[in-house]
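Student: Sequence:
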Amino acid sequence: MVFTAVAPEIILKGDTLEYDAGRHKLSESAMVEDLLKKLSGVEVGADGKIKVNGKEIKEILLEGKEFFSSDPKVASKNLPAKMIDKVQVVDKKSESEKTTGFDDGEEQMVINLTVKPSMKRGAFGNLNAGYGSKNRYETSAMVNSMIGEDQMTFIGGLNNTNNGGLMGGYGNTMSMGFIGGGGGMYSGASGGVGRSGNAGSNFNKTFSDKFDLGGSVNYDASNSEELSKTHTQNLLSSGNTNEDKNDRSFEQSHHINFDLQLEWRPDTLTSINFRPNLSLSQNRGTRSGTFVTASAERNDTINQGNSDYSSEGNNNNFGANLNISRRFRKPGRNIHFSVNISENETRNKAENRSDTHYNGTKPSDRIDQRITNNNNSSSFGTFLSYMEPLGKAYFLQLTYQYRQNGSESDRDTRTADSLGQYTVFDKQYSKRYVNNNNNQDLSLTFRARKEKYTYSAGLSLYPSTSKRKTFIGDSLANDIEQPATNFSPNAQFFYNWSRQKSIRFNYRGNTQQPSVDQLSSVVDISDPLNITYGNPHLRPSFRHRMDVQYQHAEHEKNRFYMLYGNFNLTQNAIVSSRYTDPATGRNENTYKNVNGNWNVDLSFITNQPFINKKFSFNSSTYGGYNETAGFSNNEQNISRQINLSENLSFNYRSEKVSVTLNGNISYNDVKNSIGGQNDRQYVNYGGSTNALLELPYDIKLQTDIRYSSNSGYSDGFKQNELWWDAAIEKQILRKKNGTIR
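Counted the way my numbering counts, the sequence shown spans residues 120 to 860.
Because the hints were derived from the structure by calculation, they are not lab data.
Where hints are given, some of them may not hold.
Here are the simulated DSSO-like cross-link-like pairs (lysine-lysine), alpha carbons at most 30 Å apart as the crow flies [what the hints assert, rightly or not]:
# : residue 1 : residue 2
1 : K790      : K819
2 : K170      : K211
3 : K711      : K550
4 : K711      : K775
5 : K550      : K468
6 : K819      : K156
Ranges between beta-carbon positions, derived for each pair [to be verified]:
#  : residue 1 : residue 2 : range
7  : S785      : S414      : 16 to 24 Å
8  : D823      : F326      : 40 to 48 Å
9  : Y250      : F456      : 49 to 57 Å
10 : S327      : L820      : 31 to 39 Å
11 : N783      : G510      : 45 to 53 Å
12 : N555      : D328      : 42 to 50 Å
13 : Y614      : G831      : 38 to 46 Å
Glycine included, each C-beta is placed from N, C-alpha and C at the ideal position.
Let the hints inform the model, and build the full structure from the sequences given.
Tutor: So, in structure tokens, the structure goes:
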């Protein structure tokens, strides 16, 4: 009798969630992105953004080390899935947390990819090339070398299939959303062709047990052409209005980025980390289109017009960060110091033309301008932390942080003179801003660490001063100085019953001061249909955030459960207030304080195998309630929104066959408190089937069928689409390291 053990698909290791990549059958040409799409609780959007349990992933590590800085799409779109052994979801520790061993509130959820042992013994590569109808092409290459702790990777690619390579992509998209506080809703669709090319290199080198060096350089260029259509309905008690826009745009960009990381450990108690980075980019683009606003009831035109905008410019950014950590010989006593600087320079020239015609006595607005924008900003910050043990299990931590940010933004606008030359200074559209912000953070935290649990509680004080001067021409139009002292309580609790079961609770209160833009009374009229100005009487808001997460894994049964809840309440929330002139359709936007903004979210994820573990059932359930106060034409409205979603998948896996059936549905219901605010209900639903069959002679058959539909949308934005992709591939060459697809 032969017993075959099946490795668990999901394992819980403390606060690390680990997926076994080997449990998912994929084609030979599959990338990490294709693998992530099969993992329970992981979402990959059409734009390549990755979310795990609703939280966005900002970085993917390779064997615990940085891979092309902080762009996760580089790894997901360029690394072959066949090299991956495990996919780990972890909270990346800050340099301070590495020293103290305690969460400092700066955690960032990341994905760490571990590599199969057979792939860590030398160099290997991956080459993909394809050609299709309408002259579509795509090619990519990757060469990777891993010897011990050392890594070296080269990647590159060219395509015109809306795959953005290193820096994202383009494609056909559809979106729907709501304007805060029930002020309206919008829906949109866009489609276009993107062409891009990229090349880059990443390395990590361990010279000794005292010195590590790593870094990356990457370059990408892209061109995109896009057609977009947007429909916005303004929900007003005096009568709703509809805004429709049709735009055509072209964008071209070049970007190069350098990153370096040096870590030196002069002894077992000291660590020094230095990270400089430099990025250079050039952008050029045009956008032209038409717009019309009409009464929703009578369909009478309120305003209409056209616009034409073009710009070109560049952006240069340099930054550096230094961290020094020291643990003392007394257990638990440590000190951490860091300093960071950044410099940013943006130069941009633009041409702006538009004609806006009103149905009434108001004269038309015509804009014909040439604009020069020069923006410079710099920042400096330092951080100091000291922790003192109070016995074996208790600690007291004192931290101090200082941040200084300065910026100057100069918008110079010219109109044509009698000779057609753009020499006339237009002070209505020209402004210069000088900002200076100084922030301090003094924090005291009590922490405890026991065998099965840890907890902490603390309080932070934030003295700050914000200054802004606004110049129109040479005249000082506005001078604001805003001193404030805010505070923030926090508490954390983590209990670990075993390696298989844990619960985590967090509370954090945070005071948010209104920005200088929100306080400035200077009117921005750069868009004739959308005028914006601040409110100097705004008060600071205070946000309470609580979340709890329970995880339970039964490894021997391949079962996994996770329950996550989140609650947010904001006092004196700063919200937008819009007034729409029913005669012209012009919007005036400002800001007000309100109470009553809160939301709660619950999600449940489970993975359940059955029938000899060849079959498995995955479920991801989400429910959310959001109550938002806002203003529409000076009337306060309470918008109550319910979001429900379910994603189910059934999987069958054997040695030669892999089949996945997936179904999803989401429901969105919005109700408003004042008359004239239309209540809305939307449903999105769909499904997919993916199958992979391994045949003799190293042949594989793959099919992928996807269906999506919706209801409740305006005409022109309803969706009812079916995709069917099918492929046959054969491994070739003596070592089966080539594939024809």
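Student: With reference to the structure, classify each hint as holding or not holding.
Tutor: Results for each hint:
no., hint, verdict
1, K790 x K819, "51 Å, violated"
2, K170 x K211, "15 Å, holds"
3, K711 x K550, "24 Å, holds"
4, K711 x K775, "62 Å, violated"
5, K550 x K468, "15 Å, holds"
6, K819 x K156, "20 Å, holds"
7, S785 x S414: 16 to 24 Å, "32 Å, violated"
8, D823 x F326: 40 to 48 Å, "46 Å, holds"
9, Y250 x F456: 49 to 57 Å, "55 Å, holds"
10, S327 x L820: 31 to 39 Å, "50 Å, violated"
11, N783 x G510: 45 to 53 Å, "52 Å, holds"
12, N555 x D328: 42 to 50 Å, "45 Å, holds"
13, Y614 x G831: 38 to 46 Å, "43 Å, holds"
Hints 1, 4, 7, 10 from the earlier list are contradicted by this structure; the remaining hints agree with it.
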